[in-house]
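Number of protein chains: 2
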Amino acid sequence: MNIGEAANHSGVSAKMIRYYEEVGLIRHPARNRNGYRSYDKNNIHELKFIRRARDLGFTVEQISALMHLWRDRGRASADVKRMALEQVAALEAKQREIAEMANTLKHLAANCHGDGRPECPILESLAEGCDHARPTHLGKGFEKLGKSRS
Amino acid sequence: MNIGEAANHSGVSAKMIRYYEEVGLIRHPARNRNGYRSYDKNNIHELKFIRRARDLGFTVEQISALMHLWRDRGRASADVKRMALEQVAALEAKQREIAEMANTLKHLAANCHGDGRPECPILESLAEGCDHARPTHLGKGFEKLGKSRS
DNA sequence: CTTGACCCTCCCATGATGGGAGGGTCCATA
DNA sequence: TATGGACCCTCCCATCATGGGAGGGTCAAG
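One line per chain: the protein sequences are A and B, in this order.
For the first sequence, the numbering used here assigns the number 5 to the initial residue and increments by one for each residue that follows.
For the second sequence, the numbering used here assigns the number 5 to the initial residue and increments by one for each residue that follows.
In short, the hints are calculated from the structure, not lab data.
Watch out, some of these pointers could steer you wrong.
So these bits of chain B aren't anywhere near chain A, every CB distance computed over 12 Å [what the hints assert, rightly or not]: (1) Met-5; (2) Tyr-23; (3) Glu-26; (4) Pro-33; (5) Gln-99; (6) Glu-101; (7) Pro-122; (8) Ala-131.
Heads up, simulated BS3-like pairs for lysine-lysine below, C-alpha to C-alpha not over 27 Å straight-line [unchecked claim]: (9) A:Lys-45 with A:Lys-19; (10) B:Lys-52 with B:Lys-19; (11) B:Lys-110 with A:Lys-52; (12) A:Lys-110 with B:Lys-52; (13) B:Lys-45 with B:Lys-19.
We put the CB at the ideal spot given by N, CA and C, even for glycine.
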């Protein structure tokens, strides 16, 4: 199976399949005589695993660890559970952080007339720094919004 | 005021002050005879504005728009409010997306014994793709966890 | 034999941020 | 006055996962 078909079957783009190979998340696949990468069912299975782990927010490095555990028949499920719960904690922390930003902004917007006049408590808060505009510094790890994987 | 002092007073690192200048978010400041950047109270005010807007999750591009509105005395507060509410919507969408990942993972972890045995529904789900492991594709915009601004 | 759909490798961009090298400036103290 | 340390400058690189694209090879159907 060529890389395009593997991408279709796994839900991982060809670009990313090559990337995962480059960074060592997956092994170098067999090559056809023409140099094309060739994938079998096992590879597809692995790629689907990766895809699902990414969908749960694990980084490539974490997925690497998960795949080692997956392949290790003598693993302790406690190790997997620990990783999962750590990830849950990280996700929930980020969630709280974002919720706080949203709340702050929602309160500011609620106090803004939103008409043709220039008076605007949102800008005033950004300019003068009322308490609402200050994060509590409890959470970290926010980068940006708006981009995403397909 | 040199850049280090400006950084201290504004909460924006010197590196980022130079970056914001480079990408056109702030204007080129005055320079001393020795070539050092020189900032006054207005600049600090602006930097604090930027800092607070970043703390609310706005991107540099959005902050640029906000600053234009801020400087425009004839602005309509409706424009600011619209931006704020759009950002609220984006934040809440991301929050839901993350919550869903956390929930899925929490359910999986709850079914995992977490002992020394290898049987593990978390890995099984990643490998076999039960419904829980599939995102609903309602939300987008997740990049990663764990890194953050100070 | 041509055409279009693949595939290959390499390079570049994203966004906000930090790290660091290599070198200049300034001030206080020895 | 000399020197050391704390600044500042510019320029380059790395992050992380992902996509875009150039330039070129391969293959199969018409």
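Here is what the structure says about each hint:
1. Met-5: The assertion about B:Met-5 holds, with a minimum of 19 Å to chain A.
2. Tyr-23: B:Tyr-23 is indeed farther than 12 Å from all Cβ atoms of chain A, at 15 Å.
3. Glu-26: holds, 18 Å
4. Pro-33: Label holds. Min Cβ-Cβ 19 Å, cutoff 12 Å.
5. Gln-99: Incorrect as stated: the minimum Cβ-Cβ distance to chain A is 5 Å, not above 12 Å.
6. Glu-101: violated, 9 Å
7. Pro-122: violated, 5 Å
8. Ala-131: violated, 5 Å
9. A:Lys-45 with A:Lys-19: Distance ~19 Å between A:Lys-45 and A:Lys-19 Cα, so the pair holds.
10. B:Lys-52 with B:Lys-19: Given pair B:Lys-52, B:Lys-19 holds - Cα atoms ~15 Å apart, limit 27 Å.
11. B:Lys-110 with A:Lys-52: Measuring from Cα to Cα gives roughly 20 Å; hence the hint holds.
12. A:Lys-110 with B:Lys-52: holds, 20 Å
13. B:Lys-45 with B:Lys-19: holds, 19 Å
Checked against the numbered hints given earlier, this structure breaks hints 5, 6, 7, 8; the rest are met.
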